[in-house]
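Visitor: These protein sequence lines are chains F and R, in that order. For what it's worth, this note's numbering labels the leading residue of the first sequence as -17, then goes sequentially. For what it's worth, this note's numbering labels the leading residue of the second sequence as 201, then goes sequentially.
Hint data in this document are derived by calculation from the structure and do not stem from the laboratory. Heads up, some of the hints might be wrong.
Restricting the straight-line Cα-Cα distance to at most 27 Å, the calculated cross-link-like pairs of lysine-lysine (DSS-like) are [as the list claims (entries may be wrong)]:
1) F:111 with R:465
2) R:301 with F:111
3) F:89 with R:387
4) F:76 with F:109
5) F:53 with R:306
6) F:-1 with R:390
7) R:390 with F:76
8) R:301 with F:76
9) F:45 with F:162
10) F:162 with F:182
11) F:45 with R:465
12) F:191 with R:465
13) F:134 with F:162
14) F:208 with F:191
15) F:191 with R:387
16) R:301 with F:53
Nothing here was measured: the structure is a model prediction, and the numbers come from that model.
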Amino acid sequence: MNQSVIDISDLSKYYGKNRGIERVNLVVNEGEIFGFIGPNGAGKSTTIRILLNLIFPTRGTAKIMGMDVIKQSKQIKQLVGYIPSDANAYASMKVQEFLSYCLRFHKAKEDIPRMNDLASRFELDLKRKVSELSMGNRKKVSIIQSLLHRPKLLILDEPTTGLDPLMQSRFFELLTSENKQGMTVFFSSHILNEVQMLCKQVAIIKEGKIIQQENIDTLRKKQLKKVHIVFENQSAAESFTIRGLEQILNRMDRQLSFMFSGNINQLVQHLSGMEISNLIIEEPSLEEIFMHFYQ
Amino acid sequence: MNLNLLFKELQRNALSFTLWTLVISVLVSLTMSFFPTFLQNQSKVMGMMTVIPKEALQFKGISNFSDMLSPLGFYSVNNIIYMMVLGSIFSVVIASNIILKEEYNKTAEYLMVRPITRGEIFMSKLAVVIFFIFLLNLVTALIGYSTIKLVHSGPFNSKSFVVLSAYTFLLNTLFGAAGLFISTLVKRPKPITTLGIGMVLFFYFIYTLSKITESATQIGYLSPFKFVRLDAGSPEYKLEPWHLLYFLGISIILLTISYRIYRRKDIYT
């Protein structure tokens, strides 16, 4: 059985009367690339900030590698890397100076070959001053600082903002490679394609609550199908209904597209008594599943 | 305490410290260089002083004109503006920004995810604040001392000079502690430099108001400036134990509360 790396139990955070997150329960196992998805304001960053002890929970507990995120924060941070969604490195420093500064906190020896390897992978000039860097290059600095000390857990909060597609692809390659060497990844994003591409497990957060935590393939297969039907006549398309019809995506002339969560055999049986000219049943994309949960 | 953070903070604040020290030192030296001219023209100056209202002189810190005829008296009258007010502004500015700037510059998310406790961050930054306040006081006092020696060849009470310098350091430290305290209360990060400067000027204003208005004497006790003895020319001049207790007590209380708040504070960037 896999050991849990992140274990969140009944975690809530309120900002005065405003809800941050409510009764969040979440388990991330060792070696996973775990997707944490939700729209802006859903509570992704709040959860991450509690894990990193930047903010304190109103109630509940969170553990990383069995250690309490408040009481054993220092020990945890020795083992964790973090890419914030929006943070600045010290503008007056050169990139290499900043990276060495970060590394010294971990009491790690300056690993120049690794620093150079990561910098060349992302085509980043270590001798430039942070203040001279573009947003994309600052993100590269952020990626490198998170990996230099070889963390066991990497927490990412919208990590690809500002990166061009080529760099995104290199970043994903790097994540996959580090994951193969044992690093667990907690990947928070609202860009579903990248979560779909990388993650095996996913949790969806909505209005501060986890509404689904599932294996990404199971989530797709088990629950929802995307159905397109072209009827022989328009009235059939207009009046069509069936148990399990979740959400109509498109209804135009003789065509009908919808999300379906019912029994597929019953759907086929139901349609067998109707005049149709085409039927397509397919797996919805993660984005469509996501949108379904957010309707 | 974390040495990595400590050295980086020393480096980061060195320029600001140098500029402040330079400005205060130049002002102190320039003012003291007028002392011989002041002595030579004391009868003319005395005549001028009689025209100026007593309250206006007291506002400037001159309660007795004859005090200014000694080098230490002349130094202490000017010292209150340059070293006490400007030094306190430096202290409050450096202290109020040293933690808060990590938040409003959005660097806190890089610092606070390192294996370092909040207590270590606080203590390292506090050490830098105290070090710079001490160094500013040491350098400006040495420059003040040298300038007095340059412009005045007669006898001069070094012990009183040291006591006056100790008062300045204690006052600056108290404002440093107040700056740190205010910065830990800020919920949404933004620079509070103006607030800090305003606080020093407000307390200085209260102090001067209490000196020039008889009915407002008591209000002066709200200001830390009230607890600084400026009569350095007086033979009984010394560091009052209860003044020492006041400065150390308030500073320690403010720092302890700040430390406790910072350890439980939600950090936003």
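Visitor: Output the indices of the hints that this structure fails to meet, ascending.
Guide: 1 and 3
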